[in-house]
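*Asks:* Using the sequences and the accompanying hints, generate a full structural model.
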Amino acid sequence: MASPATPRRRRPGRAAVLAALGTALLVLALAAASNGAMRIPFSRLPALMFGAGTGAEDALWRNVLLQVRLPRVLLAIVVGTGLAVSGAAMQALFRNPLAEPGLIGVSLGGALGAVAAIVLGAPGLAVIAPSAFAGSLAATLLAYRLGGRSTGVAGVLLAGVAINALCAAVIGLFTWQANDAQLRSLTFWNLGSLAAASWPLVAALAPWVAALSLLLLRDWRAMNALLLGEREAQHLGFALAALRRRLVVLVALLVGPLVAVTGTIGFVGLVVPHLVRLTLGADHRALLPASLLVGAIALTLADWLARIVAVPSEVPIGIITSLVGGPFLLWLLARRGTA
Amino acid sequence: MTDRARMLRRRPLLALPLLTAALGAHAAAPAAPRRVVSLGGVVTEIVHALGADDRLVGVDQSSLHPPAARALPQVGYFRSFAVEGVLSLRPDLVLASDQAGPPHALQQLRAAGVAVVMVASAPEVPALEQSIDTVAAALALDADGLARARELRRQLDAATQPVAHASQPRVLILSSHTGRLQAAGEGSAPHALLTLAGGINAFTQPGYKAISAEAVAAARPDAILTSTLSIHAAGGVAAFAAQPGVAMTPAGRAQRVIVLDDLLLLGFGPRLPQALEQVRAGLFGAAAARPS
Chain A
388 MASPATPRRR
398 RPGRAAVLAA
408 LGTALLVLAL
418 AAASNGAMRI
428 PFSRLPALMF
438 GAGTGAEDAL
448 WRNVLLQVRL
458 PRVLLAIVVG
468 TGLAVSGAAM
478 QALFRNPLAE
488 PGLIGVSLGG
498 ALGAVAAIVL
508 GAPGLAVIAP
518 SAFAGSLAAT
528 LLAYRLGGRS
538 TGVAGVLLAG
548 VAINALCAAV
558 IGLFTWQAND
568 AQLRSLTFWN
578 LGSLAAASWP
588 LVAALAPWVA
598 ALSLLLLRDW
608 RAMNALLLGE
618 REAQHLGFAL
628 AALRRRLVVL
638 VALLVGPLVA
648 VTGTIGFVGL
658 VVPHLVRLTL
668 GADHRALLPA
678 SLLVGAIALT
688 LADWLARIVA
698 VPSEVPIGII
708 TSLVGGPFLL
718 WLLARRGTA
Chain B
117 MTDRARMLRR
127 RPLLALPLLT
137 AALGAHAAAP
147 AAPRRVVSLG
157 GVVTEIVHAL
167 GADDRLVGVD
177 QSSLHPPAAR
187 ALPQVGYFRS
197 FAVEGVLSLR
207 PDLVLASDQA
217 GPPHALQQLR
227 AAGVAVVMVA
237 SAPEVPALEQ
247 SIDTVAAALA
257 LDADGLARAR
267 ELRRQLDAAT
277 QPVAHASQPR
287 VLILSSHTGR
297 LQAAGEGSAP
307 HALLTLAGGI
317 NAFTQPGYKA
327 ISAEAVAAAR
337 PDAILTSTLS
347 IHAAGGVAAF
357 AAQPGVAMTP
367 AGRAQRVIVL
377 DDLLLLGFGP
387 RLPQALEQVR
397 AGLFGAAAAR
407 PS
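Here the protein sequences line up with chains A and B, keeping their order. In terms of the working numbering, the first sequence opens at residue 388 and continues consecutively. In terms of the working numbering, the second sequence opens at residue 117 and continues consecutively.
It should be emphasised that the hints constitute simulated quantities derived from the structure, not laboratory data. A virtual CB, placed ideally from N, CA and C, is assigned to each residue, including glycine. Treat the hints loosely; a few may be bogus.
The following label-pair restraints were derived from C-beta to C-beta distances [to be verified]:
no., chain 1, residue 1, chain 2, residue 2, range
1, B, A329, A, A513, 41 to 47 Å
2, A, L665, B, E330, 50 to 56 Å
3, A, P433, B, H348, 51 to 57 Å
4, A, A513, B, A243, 21 to 27 Å
*Replies:* Next comes the structure, spelled out in structure tokens:
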């Protein structure tokens, strides 16, 4: 089937843009990995990477580079990828520029699971992460079940809003019940961080995110058809109910574990697809893979900033993404107002 | 190194027996750590109380006392400190409150070859004494430092002996940094402080909870224990006591408000004797404050 919504205006070639973004990501990742609170001479990096270092400082540097910094840069890439591609899919499905993965309850459901684990159970990622994942799946499932009765996507969207409000209320209840120590943990969890990065975590998340992202990318034709309208997409032969179910399930499965590991990292899923759309156009064949790469770039950059602006302490990454994302959204709204 | 030890080193022959004794003690313990990062406000206070401030190369955000600690490099809040930030200070010892974390970050420190010693944090006298011992042992203190540790424990023991008073005043521990009143209940550090001082907490729920003006009035406290920042936010003791709810209590009418520095009230650290003295002075008068 041909793409029903091929952009008219000449845009830069898809392959060229994706190659440029991929190169930019690679360069940025190397820069982020070579730079941090610990000053490691740039010239020593190759030797340290491949284990040839024998100097007095080399053992410590190697440890920092390989066990602390590298998994963290990779986690930023994995998380940024997943959040941005999910955001693009949600905006396509709901035909709404303000849609993001959190809309269907993934983020606040996950937060609720984490908060419940912190207040009721034992702290520690081993308890918090599964509980957060369960929370995000449950919230999304509920939103989908309750909102899916009506045709179209408005029902799911409204149910998502209601479930989010409910989650926020229960989080409030837990927060009110929490003791001082728990309260501190809650605050830091809500601000989001990639500090949990480790090799096993990256090894578990990377294939998961890659596989689910590819499954989302496969639906680019249907997402293009949705640009015309829900009814038009159905007339073009896309089964809307099945598409809706598939996208919601994929996004929940994709974003749930990310929220569980990093806490809520705002705005990447919302802002990155817009950035891409403004420069590349709305053709999802280019929009989805480009969002994926720009998401990885954005989060790698944000985490790099988070690590180096307040050395030797760290700024929560959620603050940095929202600090950049908030003004961007305002600008977007202002533009929409004048257009 | 102390002056005495330095003197001993200069005249080894004169002090041979003492020197061998000192060497023997050193052989048992590894070399004293010189670059220490402290994660936790009370941990930093203990290091300070033991006279080992000069070994600190980094602290966390909650390390506000002594003021000199605020000038040291900060590695973030102790519950979510930055691993690489700590490592970049090249510590040979990290003293971490048992609330410090995340656990994963502590593991990474250990994996990088840094000695990590956990320090008890519960607001109880035995835990505090234990944490003083833990820090003293981890720092491999010299004779001077050990004497300080002993003196600190002696003061703690003396200050926390139960004292019989004619009355046990009912006290509400209130803070209000934003205009909303908050009470401290069971399990909190100020509750432990108040109980040791001989008062009864008029607020019985666990932890810190928002409390309405009506509930403050209903609690009928004889005195109110609060912090410098809360008084500052209210605009003075008179304004604090005149707040709705507070004004209707016996404490409010008599303006019986005991004001402690925030860190002293919330910390439950090595300055506990000082905090107890201030609370007792407020409850029973200056004469009763100092234990014999």
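*Asks:* All hints, please: hold or fail.
*Replies:* Consistency of the hints with the structure:
1. Our hint of 41 to 47 Å for A329 of chain B and A513 of chain A holds, since their Cβ atoms are close to 43 Å apart.
2. Between L665 of chain A and E330 of chain B the beta carbon distance is about 55 Å. The supplied range of 50 to 56 Å therefore holds.
3. Taken as a hint, the range 51 to 57 Å holds for the pair P433 of chain A and H348 of chain B, whose Cβ atoms sit roughly 56 Å apart.
4. Under the hint 21 to 27 Å, the C-beta atoms of A513 of chain A and A243 of chain B, about 26 Å apart, fit the expected range.
When the structure is compared with the earlier hints, no violation turns up for any of them.
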